[in-house]
Amino acid sequence: MLPMFFWAFVVGGVICVIGQLLFDVAKLTPGHTLSLLVVLGAVLDGFGLYEPLADFAGAGATVPITNFGNTLVHGALQEADQHGLIGVLTGMFEVTSSGISAAIVFAFIGALLFKPKG
Amino acid sequence: MGNNNQTQKEKQYQSLEKKYETKRPVLKNCLKAFLVGGLFCLVGQAITYFYIYFFNFTEQTAGNPTVATMVFISMLLTGFGVYDHIGQFAGAGSAVPVTGFGNAVISAAIEHRTEGFVLGVGGNMFKLAGSVILFGVFSAFIVALIKTLLIQWGVI
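Taken in sequence, the protein lines are chains A and B. Residue numbers are given in our numbering: position 108 of the first sequence equals residue 108, and the series is strictly consecutive. To convert, take the position in the second sequence, counting from 1, and add 118; that gives our numbering.
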């Protein structure tokens with residue numbers, strides 16, 4: 001259990017450092033950086049490399065935004081396995097739904113509860 | 119002649135600009151991003167174990183409720199104005215974890231509530247996070263399509 005915490009910290013930290021380098025060295029905007037990381041996650045899962053990383057680092061791989069691309073591909077492939085090509089579309093959000101629904105639901109609750117500052 | 123002068127002045131100005139431009143402290147920024155980003159993942163790992171031990175999720179499926187919980191935490195931090203301060207300190211360390219995605223959606227929702235709930239909150243919610251969803255979904259579509267075709271053709 002303890003090594004899992006350690007590797008979650010290290011791997012998650014390293015992914016954030018990659019993001020920071022894209023900010024500072026490649027001079028990308030946050031929007032470009034995050035989009036790039038999501039695409040990276042999707043491609044990594046396409047090659048079957050993301051799941052081993054998640055097994056190894058736990059939340060270090062599932063909390064960064066790269067996991068969003070990973071879960072999208074995952075859901076699409078899972079469904080495509082059963083229903084063929086059409087499954088790529090129908091299964092896209094199968095695994096990812098929690099992140100998106102949570103973002104929408106909590107954003108609306110947040111907008112109801114909080115007033116904009118400054 | 120005048121043109122030449124101009125370029126010389128431009129060159130002078132550019133060297134001057136370079137001299138006074140604040141250098142980005144890349145190493146320091148990376149260290150901050152590493153620590154804060156790692157910390158977010160550490161919290162995520164704790165939440166993952168919480169779901170595994172108390173709600174019978176497996177290591178593979180516990181990622182989903184973890185992400186939802188992190189977005190919930192992000193809502194509270196954004197609403198109370200704490201996430202902005204973390205973001206100023208940590209840069210990518212707060213933007214790259216899923217809490218940063220949550221923050222982008224939630225801050226846009228809160229910011230535009232004065233324009234009404236339908237046109238303001240509803241219309242602007244994905245103003246910042248929309249690009250992440252678009253490129254995530256599109257790249258995932260391409261990747262999954264290629265892989266499915268390759269599997270069907272028996273290549274892999």
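Treat the hints with care, since some could be wrong.
[What the hints assert, rightly or not] Think about it this way: if two alpha-carbon atoms lie no more than 25 Å apart in a straight line, the pair counts; the simulated SDA-like pairs of lysine to any residue are:
no., chain 1, residue 1, chain 2, residue 2
1, B, K150, B, Q130
2, B, K136, A, L40
3, B, K245, A, F93
4, A, K27, B, E233
5, B, K245, A, Q82
6, B, K137, B, L153
7, B, K127, B, Y138
8, B, K146, A, G31
9, A, K115, B, L195
10, B, K245, A, H83
11, A, K117, B, A164
12, A, K27, B, A164
13, A, K117, B, E139
[Claimed, not checked] Taking CB as the label site, the calculated pair distances span:
no., chain 1, residue 1, chain 2, residue 2, range
14, B, E177, A, I86, 39 to 49 Å
15, B, T176, A, K27, 12 to 22 Å
16, A, Q82, B, D202, 42 to 52 Å
17, B, S133, A, I109, 46 to 56 Å
18, B, Y138, A, P116, 49 to 59 Å
Keep in mind the hints are simulated off the structure, nothing from the lab. Here the structure is a predicted model, which is why all the values come from computation and not from measurement. Every residue, glycine too, gets a C-beta built ideally from N, C-alpha and C.
Okay, the hints, checked on the actual structure:
1. Straight-line distance between C-alpha atoms of B:K150 and B:Q130 comes to about 35 Å, which puts the hinted pair past the 25 Å bound.
2. Annotation: proposed proximity of B:K136 to A:L40 is violated, straight-line Cα distance about 33 Å (limit 25 Å).
3. Pair hint B:K245 plus A:F93 holds up; C-alpha atoms about 20 Å apart against a cutoff of 25 Å.
4. Among the hinted pairs, A:K27 with B:E233 is inconsistent with the structure: their alpha-carbon atoms are about 33 Å apart, more than 25 Å.
5. As the CA atoms of B:K245 and A:Q82 are separated by approximately 35 Å, the hinted pair breaks the 25 Å bound.
6. About 31 Å separates the Cα atoms of B:K137 and B:L153, which puts this hinted pair outside 25 Å; it is violated.
7. Restraint check for B:K127 and B:Y138: satisfied, since their Cα atoms lie roughly 16 Å apart, inside the 25 Å limit.
8. With a C-alpha separation of about 22 Å, the suggested pairing of B:K146 with A:G31 holds against the 25 Å cut-off.
9. As the CA atoms of A:K115 and B:L195 are separated by approximately 13 Å, the hinted pair is consistent with the 25 Å bound.
10. As the CA atoms of B:K245 and A:H83 are separated by approximately 34 Å, the hinted pair breaks the 25 Å bound.
11. Restraint check for A:K117 and B:A164: not satisfied, since their Cα atoms lie roughly 31 Å apart, outside the 25 Å limit.
12. For the proposed pair A:K27 and B:A164, the alpha carbon gap of about 33 Å is over 25 Å, so the pair is violated.
13. Taking the CA atoms of A:K117 and B:E139, the gap is near 31 Å; set against the 25 Å cutoff, the hint is violated.
14. In this structure the supplied range 39 to 49 Å is violated for B:E177 paired with A:I86, their Cβ-Cβ distance being about 30 Å.
15. The hint said 12 to 22 Å for the Cβ distance between B:T176 and A:K27, and at roughly 41 Å that hint is violated.
16. For A:Q82 and B:D202, the hinted distance range of 42 to 52 Å is satisfied, since their beta carbons lie about 44 Å from each other.
17. Between B:S133 and A:I109 the beta carbon distance is about 53 Å. The supplied range of 46 to 56 Å therefore holds.
18. Separated by about 35 Å at the C-beta atoms, B:Y138 and A:P116 break the suggested range of 49 to 59 Å.
Violated hints, listed in ascending order, are 1, 2, 4, 5, 6, 10, 11, 12, 13, 14, 15 and 18; each of the other numbered hints is respected by the structure.
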